[in-house]
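Here is what each chain is made of, one letter per residue.
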Amino acid sequence: MSEAAANQASESYLSRGWRLRDWLFTTDHKRVAWLYTVSITAFFFLGGLAALVIRLELITPEGDVVSADAYNQLFTIHGVVMVWFFLIPSIPNTLGNFLLPLMVGAKDLAFPKLNIISWYIYTIGGVFTIAAVITSGVDTGWTFYTPYSTQYADRAVVAALTGVFVVGFSSILTGINFIVTTHKMRAPGLTWFRLPLFVWANYATSLVMVLATPVLSATLILLILERMLGIGIFDPALGGDPILFQHLFWFYSHPAVYIMILPGMGVVSELITCFSRKTVFGYHGMAISILAITVFGFLVWGHHMFVSGQSLYAGLMFSFFTFLVALPSAIKTFNWTATLYKGKLIFSAVMIYALSFVGLFTIGGFTGIFLASLAVDVHVHDTYFVVAHFHYIMVGGMVTAYLGGLHFWWPKMTGRMYPEIWAKVAALALFIGFNLTFFPQYLMGYAGMPRRYQTYPEDFQILHVMSSLGAGVLAIGYLLPLVYLLWSLRWGKRAPPNPWRAAGLEWRTDSPPPKHNFLEPQTVTGPPYDYDTIDNK
Amino acid sequence: MNDEVAPYLPEVEKGLHLIPTQATEHAGQLDHLYFALVGASAIILLMVVGLIAFFGFRYRAGNKAADRSNLPSTRTENRVEIAVLAAMLVAFMGFFAWATTLYLDSYRGPEPAMTIDVIGKQWMWKIQHPDGTREINAIHVPVDEVIRLRVTSQDVIHSFFVPAFRLKRDVVPGTEKTAWFKATEPGEYRLFCAEYCGSFHSRMLGKVVVMDRGDYQAWLTRQGSGQTLASAGKQLFQAHGCSGCHMGKSNARAPSLDGLYGRSVALDSGEVILADEAYIRDSILQPDKHIAAGYEPIMPSFAGQLSEEDILRIVTYIKSLQPGDWVKESVKENEGESR
Numbered sequence: 001m002s003e004a005a006a007n008q009a010s011e012s013y014l015s016r017g018w019r020l021r022d023w024l025f026t027t028d029h030k031r032v033a034w035l036y037t038v039s040i041t042a043f044f045f046l047g048g049l050a051a052l053v054i055r056l057e058l059i060t061p062e063g064d065v066v067s068a069d070a071y072n073q074l075f076t077i078h079g080v081v082m083v084w085f086f087l088i089p090s091i092p093n094t095l096g097n098f099l100l101p102l103m104v105g106a107k108d109l110a111f112p113k114l115n116i117i118s119w120y121i122y123t124i125g126g127v128f129t130i131a132a133v134i135t136s137g138v139d140t141g142w143t144f145y146t147p148y149s150t151q152y153a154d155r156a157v158v159a160a161l162t163g164v165f166v167v168g169f170s171s172i173l174t175g176i177n178f179i180v181t182t183h184k185m186r187a188p189g190l191t192w193f194r195l196p197l198f199v200w201a202n203y204a205t206s207l208v209m210v211l212a213t214p215v216l217s218a219t220l221i222l223l224i225l226e227r228m229l230g231i232g233i234f235d236p237a238l239g240g241d242p243i244l245f246q247h248l249f250w251f252y253s254h255p256a257v258y259i260m261i262l263p264g265m266g267v268v269s270e271l272i273t274c275f276s277r278k279t280v281f282g283y284h285g286m287a288i289s290i291l292a293i294t295v296f297g298f299l300v301w302g303h304h305m306f307v308s309g310q311s312l313y314a315g316l317m318f319s320f321f322t323f324l325v326a327l328p329s330a331i332k333t334f335n336w337t338a339t340l341y342k343g344k345l346i347f348s349a350v351m352i353y354a355l356s357f358v359g360l361f362t363i364g365g366f367t368g369i370f371l372a373s374l375a376v377d378v379h380v381h382d383t384y385f386v387v388a389h390f391h392y393i394m395v396g397g398m399v400t401a402y403l404g405g406l407h408f409w410w411p412k413m414t415g416r417m418y419p420e421i422w423a424k425v426a427a428l429a430l431f432i433g434f435n436l437t438f439f440p441q442y443l444m445g446y447a448g449m450p451r452r453y454q455t456y457p458e459d460f461q462i463l464h465v466m467s468s469l470g471a472g473v474l475a476i477g478y479l480l481p482l483v484y485l486l487w488s489l490r491w492g493k494r495a496p497p498n499p500w501r502a503a504g505l506e507w508r509t510d511s512p513p514p515k516h517n518f519l520e521p522q523t524v525t526g527p528p529y530d531y532d533t534i535d536n537k
Numbered sequence: 001m002n003d004e005v006a007p008y009l010p011e012v013e014k015g016l017h018l019i020p021t022q023a024t025e026h027a028g029q030l031d032h033l034y035f036a037l038v039g040a041s042a043i044i045l046l047m048v049v050g051l052i053a054f055f056g057f058r059y060r061a062g063n064k065a066a067d068r069s070n071l072p073s074t075r076t077e078n079r080v081e082i083a084v085l086a087a088m089l090v091a092f093m094g095f096f097a098w099a100t101t102l103y104l105d106s107y108r109g110p111e112p113a114m115t116i117d118v119i120g121k122q123w124m125w126k127i128q129h130p131d132g133t134r135e136i137n138a139i140h141v142p143v144d145e146v147i148r149l150r151v152t153s154q155d156v157i158h159s160f161f162v163p164a165f166r167l168k169r170d171v172v173p174g175t176e177k178t179a180w181f182k183a184t185e186p187g188e189y190r191l192f193c194a195e196y197c198g199s200f201h202s203r204m205l206g207k208v209v210v211m212d213r214g215d216y217q218a219w220l221t222r223q224g225s226g227q228t229l230a231s232a233g234k235q236l237f238q239a240h241g242c243s244g245c246h247m248g249k250s251n252a253r254a255p256s257l258d259g260l261y262g263r264s265v266a267l268d269s270g271e272v273i274l275a276d277e278a279y280i281r282d283s284i285l286q287p288d289k290h291i292a293a294g295y296e297p298i299m300p301s302f303a304g305q306l307s308e309e310d311i312l313r314i315v316t317y318i319k320s321l322q323p324g325d326w327v328k329e330s331v332k333e334n335e336g337e338s339r
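So the protein sequences, as listed, match chains A and B.
Take the first sequence: its letter number 128 is residue 128 in UniProt numbering, and every next letter is one higher.
Take the second sequence: its letter number 312 is residue 312 in UniProt numbering, and every next letter is one higher.
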């Protein structure tokens, strides 16, 4: 190899190619990860803006900020955007896209072109859906329950459904890409039980994406057929069954919850081990738990329907499996805590994010047990208790893990360090703001406050005001990283290849990595998280 | 008492109650389960947070003195995991059994003293009592009586939610669900719609008024309803021409319906079906679904022609018919003619 060629090979993936087409037609998984990061950040702040207006409206019991219809449209936008255009792609398509090939020691994903196509599908589908929802004012909620969505909602429901249908394909393509990469492109010596838990988590997530998303696609097609051609599938007036829609919808949407949380679990395992300078407690148990959640996750969809009128015995089975699916999550929480035992703990901003995750996920998990308990669910179903529960998992869990991961791998992705002190302030603002926003919602839920209410009895006002104040603090926790991370791109300190002295193949290469990730082929000779060896070098 | 009465906001007990008023026995039982869950989760959460704090202090990187030798072996780790798993499994199965028992009890009620119809409609609750009294957004019931509700919807899915009873039941169009409660405390309790149903979902409110026996009787008398549900159903049965085929001498075209309820019916397909409320309802709206053996499928569907209240009235009428009622009636009519 000539010297010039060698220099070019060792150049970072960011050093050349700054024309628009170098980004829009790239097949480099690291650049596609950035495209995704920009898209999901835009969607996140759009969905967050909708949430802020909702919280503003709920400061008073009367409907005084927006109209009743506008309120319903706002929570529809918030749900659709956050679930499909932020949470589902968040960790897999940004951190996963960037890190999966690096972590297995590969040059790229198995299908680089499929990867960029999946970004186009996602972004175009996403923008189309948002345009349809906003311009026509779709107000069905993200759940599209029939017969409201097919016969009563007088809006561009079909357009919105088409958008979500299209975006589903981007999930499927990403899933296939990750599965094949994990199976076929691991470096020599990187056996399944030497994989970082982040890879396990993304692998399991991909399985769910590939197996569950087609069911959603089929369901949306049925909905479109009923709405456009009047074929009776879900509408009782046409001889259909509205409960059938709920079964099909949740058959996808419950496993989708695991699409949203499993990658977060993977991230946290990486962060806690690094800042405890120790291997994870019970590695095999952690990996097997991920698979157990994936399998049991497919058997619990009916727990969304305990008061819908499904058979009592079906309800009983779904409740039973829901208790079972909580067991592997409990093991994971226990193991994260036990990993701290006899470690050398460093309370960096990243560690604060990771430990926040453990605390918030525990609360979210336990309230999940409340909801799995049939008789309790009858009372709190469709109240703010449920709203609080899934936000503890999705926001307290997933978003916290995402931000923690983004900080942890930021030096690797950009080659720059972020200001640690500001990152700590943001992590604490997030933890405090989050609890202030969502803990009162548990209380008002058991007290009987139904969800999706624009107006409410004034008894609940004090709790709503607390929640809205918390949302303000939470917004600071999200805006701060946006500011200082962008700042660091230009003014941040240059990052060494491995600023955290972390284990994992991704830290063996430069920050930012060269175009083809590694200059030398990588081999793996030991277990993951071997911090003893690293620290005793 | 007509449909145009404006929905009004209930005047119920004011003030924030983190544990809502317990107005049924079930409410108290459920709260016990809730407290047990809160207690168990609080203990475990404190353990997790406590361990994080303790380890965080003890094993902070700056603390060089901490003993970090003798890390647990993989074998020990597996044993600890299995112990945690077993402990959680036992606790979970305990809660599963407790919650499931309460749930099944809350569905399979005792013999009801009366059945009240609840029809959800964007954005109001329509109520009809067995004696024909109708209300909107309020249900008056006597205390200490088992009340059975027949709930259905005229349009989209709603959900009947009374926090003080810890009772919630989705109100699904095209099907009839039942719920029951036995209020133990007189008072007014909030009724919410819990399933999102469109523009004014948050204004679909009502109240359940639980009254002493005497007050309830007085209230009922003041309503002065003209007609019971069954007799209103009978009028509809005649007005819609049902009686033309089902009654009298022409029952070669359609089966007689007196004494039908609760009987087994042989179907054309060879199946045998129990004639319950769902069967009667289906036969009105989708007559082709179950065809009685020996009859032609000539009955037209009445879907779209009858409101949910009317369907419930007709069902109540058919349910009320005893075997031989129609024969007796025609004998009486004949006697009248011959005089």
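Hints may contain errors.
Unchecked claim - Some chain A residues judged to face chain B by a derived CB distance under 10 Å, without partners named: (1) 60; (2) 63; (3) 152.
Everything labelled a hint here was simulated from the structure, so no lab data went into it.
Yeah, the Cβ is synthetic: ideal placement off N, Cα and C, and Gly gets one too.
Hint check results:
no.: 1; hint: 60; result: violated (13 Å)
no.: 2; hint: 63; result: holds (8 Å)
no.: 3; hint: 152; result: holds (5 Å)
The structure fails to meet hint 1 from the earlier list, while all remaining hints are met.
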